[in-house]
Amino acid sequence: MAICAAIFLTVGSLLAYSMVKFRRPPEDDGREPVQIYGSNQVELAWTVIPILIVFVLFLATARVIHAVQDARMPPDAIEVVAVGHQFWWEFRYPQQGFVTANELHVPVSDASHPTPTHITLLSADTDHSFWVPQLAGKTDLIPNRQNSMWIDPREAGVYLGQCAQFCGMQHAKMLLRVVAESREDFERWLASQGSPARQADGATQGRRIFETTACVNCHTVSGTSAHGTFGPDLTHLMSRKTIGAGAALLTQDNLRHWIMNPDSFKPGSKMPAMQLRGNELDAVTAYLLTLD
Amino acid sequence: MATMPEWRGPVGMWCLIAAESAMFIIFVVAYLYYAGKSLSGPTPNDVLRVPIFGSICLFSSSVTIAFAERAVERGDLARFGRWWFVTLALGALFIAGTVREWARLIYHDSFTISTNLYGTTFYSLVGLHAFHVVVGLTGLSIIMAFGLLGFVRKEHARQVRVFSMYWHFVDAIWAVVLPVVYIIAR
Amino acid sequence: MSDAEFALRPVTVPQTVGASRPLLDRLHDWIVTVDHKRLGLMYVGYGVLFLVVAGLEATVMRIQLAIPNNHFVSPQVFNQLFTMHGTTMVFLVGMPILFGFANYLAPLMIGARDMAFPRLNAFSFWMSAFGGLILYFSVIAASGLYGAGNAPDIGWFAYAPLTSSTFSVGHSTDYWIIGLLVSGIGSIGTAANIVTTILCMRCPGMTLGRLPMFVWLNLVVSALILLVISPLTAAQIMLLVDRYLGGHFFDTQAGGSAVIWMHFFWIFGHPEVYVLIIPGFAIASEVIPVFSRKPIFGYSIMVAATLAIGFLSLGVWAHHMFTVGMTSYANAFFTASTMAIGVPTGIKIFNWLGTMWGGKISFAVPMRFCVAFLFQFLIAGLTGIMLSASPFDWQLGNSYFVVAHFHYVLIGGLIFTIFAGFYYWYPKVTGRMWNDVLGRAHFWLFLIGFHLTFDFMHIPGVLGMPRRIYTYDAGRGWELWNLIVSIGVVFQVVGIACWVTNFLWSYFKGPAAGNDPWDAWTLEWSTTSPPREYAFATIPVVASRRPLWDVKHPEDPDWKYE
Chain R
1 MAICAAIFLT
11 VGSLLAYSMV
21 KFRRPPEDDG
31 REPVQIYGSN
41 QVELAWTVIP
51 ILIVFVLFLA
61 TARVIHAVQD
71 ARMPPDAIEV
81 VAVGHQFWWE
91 FRYPQQGFVT
101 ANELHVPVSD
111 ASHPTPTHIT
121 LLSADTDHSF
131 WVPQLAGKTD
141 LIPNRQNSMW
151 IDPREAGVYL
161 GQCAQFCGMQ
171 HAKMLLRVVA
181 ESREDFERWL
191 ASQGSPARQA
201 DGATQGRRIF
211 ETTACVNCHT
221 VSGTSAHGTF
231 GPDLTHLMSR
241 KTIGAGAALL
251 TQDNLRHWIM
261 NPDSFKPGSK
271 MPAMQLRGNE
281 LDAVTAYLLT
291 LD
Chain X
293 MATMPEWRGP
303 VGMWCLIAAE
313 SAMFIIFVVA
323 YLYYAGKSLS
333 GPTPNDVLRV
343 PIFGSICLFS
353 SSVTIAFAER
363 AVERGDLARF
373 GRWWFVTLAL
383 GALFIAGTVR
393 EWARLIYHDS
403 FTISTNLYGT
413 TFYSLVGLHA
423 FHVVVGLTGL
433 SIIMAFGLLG
443 FVRKEHARQV
453 RVFSMYWHFV
463 DAIWAVVLPV
473 VYIIAR
Chain S
479 MSDAEFALRP
489 VTVPQTVGAS
499 RPLLDRLHDW
509 IVTVDHKRLG
519 LMYVGYGVLF
529 LVVAGLEATV
539 MRIQLAIPNN
549 HFVSPQVFNQ
559 LFTMHGTTMV
569 FLVGMPILFG
579 FANYLAPLMI
589 GARDMAFPRL
599 NAFSFWMSAF
609 GGLILYFSVI
619 AASGLYGAGN
629 APDIGWFAYA
639 PLTSSTFSVG
649 HSTDYWIIGL
659 LVSGIGSIGT
669 AANIVTTILC
679 MRCPGMTLGR
689 LPMFVWLNLV
699 VSALILLVIS
709 PLTAAQIMLL
719 VDRYLGGHFF
729 DTQAGGSAVI
739 WMHFFWIFGH
749 PEVYVLIIPG
759 FAIASEVIPV
769 FSRKPIFGYS
779 IMVAATLAIG
789 FLSLGVWAHH
799 MFTVGMTSYA
809 NAFFTASTMA
819 IGVPTGIKIF
829 NWLGTMWGGK
839 ISFAVPMRFC
849 VAFLFQFLIA
859 GLTGIMLSAS
869 PFDWQLGNSY
879 FVVAHFHYVL
889 IGGLIFTIFA
899 GFYYWYPKVT
909 GRMWNDVLGR
919 AHFWLFLIGF
929 HLTFDFMHIP
939 GVLGMPRRIY
949 TYDAGRGWEL
959 WNLIVSIGVV
969 FQVVGIACWV
979 TNFLWSYFKG
989 PAAGNDPWDA
999 WTLEWSTTSP
1009 PREYAFATIP
1019 VVASRRPLWD
1029 VKHPEDPDWK
1039 YE
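Residue numbers (our numbering), protein chains in the order written: chain R, 1 to 292; chain X, 293 to 478; chain S, 479 to 1040.
One chain only, chain R, in its complex shape:
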């Protein structure tokens, strides 16, 4: 960037200077200035110098390309498989054997002993792109193709991102949250995500409705008969901050509203309005609220 700024300042000021110095004076006598057709030396100079600049820039860039793309992962890197869907993110942790959605948890890494997270990128439908600006450049998720990237957060925090390749109607609301946390917090999260769904008392009516309507065609709640994979895994829904991949905050009201009519938050999302009303709707909502 410094090189570009320098070029801009140099050429820009020459331009500005020429505009002022060679301006036709108001009392111009109408004679033409000296007609110069070119100069081979000047041309040579301003061909060779840019070539050298480009050469240097390229070498510097090639080094970074290689460092990023061909980096080797240490053996204790976390493995995640990200699958892009219209319009949500599926995250699988193959080492721990569970599936979650939209929020990615990774351990904070540190310089002396890096524990990066390696992400394999797949797509279930059309092109997407995984972009969390503060953590890494973006890499696309393309159907029938396996891509690969890594992140190495050195500071704990919540990092926001979103899909960066136009994937359809709700491309704008395919948001990402990456939570980088301490090793202990991360292990705790892994353990809780890996366990089957909580069987809360007082939510049996909702659970029954959930398991006997179309919900199970799309959603998985581990430990129950719901094994659908078209929509996000809901086993630990309440461990997440948002629903609809960031379309709204996860509150009781929003959840209820979402189930009744997802299009009100995210028109064009692939979840149909579930045609649930009144008591049934409240019961299912109450059930889902127990899935932490």
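Treat the hints as calculated values from the structure; they're not laboratory data.
Wrong hints could be hidden among the right ones.
[Unchecked claim] FRET-style restraints, in silico, Cβ to Cβ: (1) A437/X <-> E1011/S: 47 to 55 Å; (2) G683/S <-> H460/X: 28 to 36 Å; (3) L331/X <-> R208/R: 21 to 29 Å; (4) K241/R <-> L331/X: 36 to 44 Å; (5) D29/R <-> R499/S: 45 to 53 Å; (6) D29/R <-> L958/S: 13 to 21 Å; (7) H460/X <-> R597/S: 23 to 31 Å.
[Unchecked claim] One-sided and incomplete, this derived list gives chain S residues near chain X with beta-carbon spacing under 10 Å: (8) A594; (9) I703; (10) G725.
[Claimed, not checked] Listing some non-contacts, in silico: residues in chain S with all C-beta distances to chain R over 12 Å: (11) P500; (12) L723; (13) F853; (14) V907; (15) V968.
Cβ coordinates follow ideal geometry from the N, Cα and C atoms, glycine included.
Assemble the complex: chain R is given as a structure, and chains X and S must be docked to it using the hints.
Leaving out everything else, chains X and S in the frame of chain R:
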């Protein structure tokens, strides 16, 4: 040095040839890229038979059209008409061969454009070429009709030459498609 | 009489009988015309009409994005808007206006009476026009069973598999495909016509080394068009095969590849942007010398640089695909080739600077637009170099930084030079001079609006805002910048209004301009304003690159120095 307006025809035809070649290159690239990548269905070795007769017809038609060109340049209109007709017939034979080949593939081998990746790329590439041959045959027929009606004379040699550039181009494309489809990427 | 003699014969002036024929007859004349000047004007008129349409589409988008979580338009409409805006600007504004300029001016500049193939010229124009109509017909007709009125919403580069029949139901995508296919046939026809005209119809004495810069650059552009439109046509045919014949070119379920669409599209798409900008260079290369009162600095190098750009542009396409997961070697290669193309482009900027240096610059409106172009194109080129570095692109690609970059080139570069060309040649085409106050108002308003919008647009990109999103949440730090960007639109709209008003008003009320109001040096200024239908009563004979300079300065003609 004044430029010659009579070069317009050949230059324009070269422009068309450049554009069409670019299109064919893309289809050939797709064909090669997808070679062997079909998930199912017949492979080239299962269904392909090299269209030797048709290819000989098409390649010789380039020779016969050159004879016709030379004839009209000399003003020998009868000879022109004869060689032109032979060219047209040879081109028609090539298309007939393609039709037969496709009928066999579709009805006998159940191999269509939607069968698998190979089907898609095969029919697209060979079909695009066949389409260009048919356009050429149409042009040949129109000029044949003009010839029979006595409208073609010695001063039209240049226009005839421009058209035959197109015909040579169609042959040249086959000279690429034939080995790529029937020999290399089996 | 040989063809050559026929072309060079002197023509007697036909008497125009009856000043005012019925309107229907006059319209009919325009529809059946094969005269390059009329076709050129129709191309330009068509392009300007669509410029206004696409500008309105952009205005609506900017209203939607001015504040977070806005509900000015629905997501579906927004997605259609950005698709139509991009497609319209590239294919129905950029290409037609540039073909229009080339059609009108190239024969005049080489001393020819018309293009090589006048009827092909007319055919190509009407094909292009028809293609545009097909595309916009989708607005009222595309959905059939799925509800009337569905413009394409797949983005102007229509990535697979979003365009497959699975993900794009209805016919909106087909209107995109077919509209562009038809218009592409027109483009190839005109490009072939331009190449043939320039190679075969030059007046005596005009060797290739004496072609005006405008003509040389249009020759390179037309040759490039011949090579690169076909890949798009091929990809679109493949997409139609997939959508209607059950083909699998881009069907990832059957082993097809989404990436190959990207390759084919960008093999067309990247050279296409050079096709768009090089005619802008062509205009600048005519305007800057005349208003600096010096010949173009380094003519041969300028031509060579343009040839280099044309050639290199065929090898940089995958810099649009850095995030797709190509190998580090592929990414490095395309980084290198893209950086390399910056060298000849930079050389051109230096040569324009060299033209101005030591001259006597007069800042008439055309020159103002060209000077702004120089600064803006410099910046755009530098952001391009930044993006050419794959690691930079991994962050900034597909974000508003890229959107800012390409609008900087296309508006700050191309549109500014098109404005310059309009103001420069308007007196020649209409015989009238435009109003200077309105012209300067247009310049300043548009300049301010352009910079408000597109300078600040880089910032949300750097802050992480991706492109093609119909809304965004508050709290990401993007709100202020989006608001400023949207405000800039107001200035641009008013500027355009000044421009259109100026040209319409001046056509009827402007003072007569004379044949050569700028004291210029190329052949078109030797014709009347506007040129007669046959342009030249006798075909000129030239001896240098600036025939009129030789006539005006017989004591110091150019041919002594060439």
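Does the hinted range 47 to 55 Å hold for A437/X and E1011/S at CB?
violated (35 Å)
Holds or violated: 21 to 29 Å for the Cβ distance of L331/X and R208/R?
violated (42 Å)
With 12 Å as the threshold, tell me whether V968/S passes as away from chain R on beta-carbon distances.
Answer for V968/S: holds, closest chain R Cβ roughly 25 Å.
Less than 10 Å between beta-carbons is the criterion; does A594/S satisfy it with respect to chain X?
Holds - the Cβ of A594/S comes within 10 Å of chain X, reaching about 4 Å at its closest.
Would you say the C-beta atoms of D29/R and R499/S sit inside 45 to 53 Å of each other?
Cβ of D29/R to Cβ of R499/S: about 49 Å, so the range 45 to 53 Å holds.
Closest CB of chain R to the CB of P500/S still more than 12 Å away
holds (48 Å)
Would the least Cβ to Cβ distance between L723/S and chain R come out above 12 Å?
holds (20 Å)
Look at the Cβ atoms of D29/R and L958/S and judge whether their distance stays inside 13 to 21 Å.
Check failed, 52 Å falls outside 13 to 21 Å.
Non-interface claim for F853/S versus chain R (Cβ beyond 12 Å)
Since the minimum Cβ distance to chain R is about 6 Å, F853/S lies within 12 Å and the statement is violated.
Is it correct that the beta-carbon of V907/S has no partner in chain R closer than or equal to 12 Å?
holds (26 Å)
Less than 10 Å between beta-carbons is the criterion; does G725/S satisfy it with respect to chain X?
Where the cut-off is 10 Å and the nearest Cβ of chain X is about 4 Å from G725/S, the hint holds.
Tell me if I703/S is really an interface residue toward chain X, meaning its C-beta lies closer than 10 Å to one of theirs.
holds (8 Å)
Going through the hint list in order, the structure does not satisfy hints 1, 3, 6 and 13.
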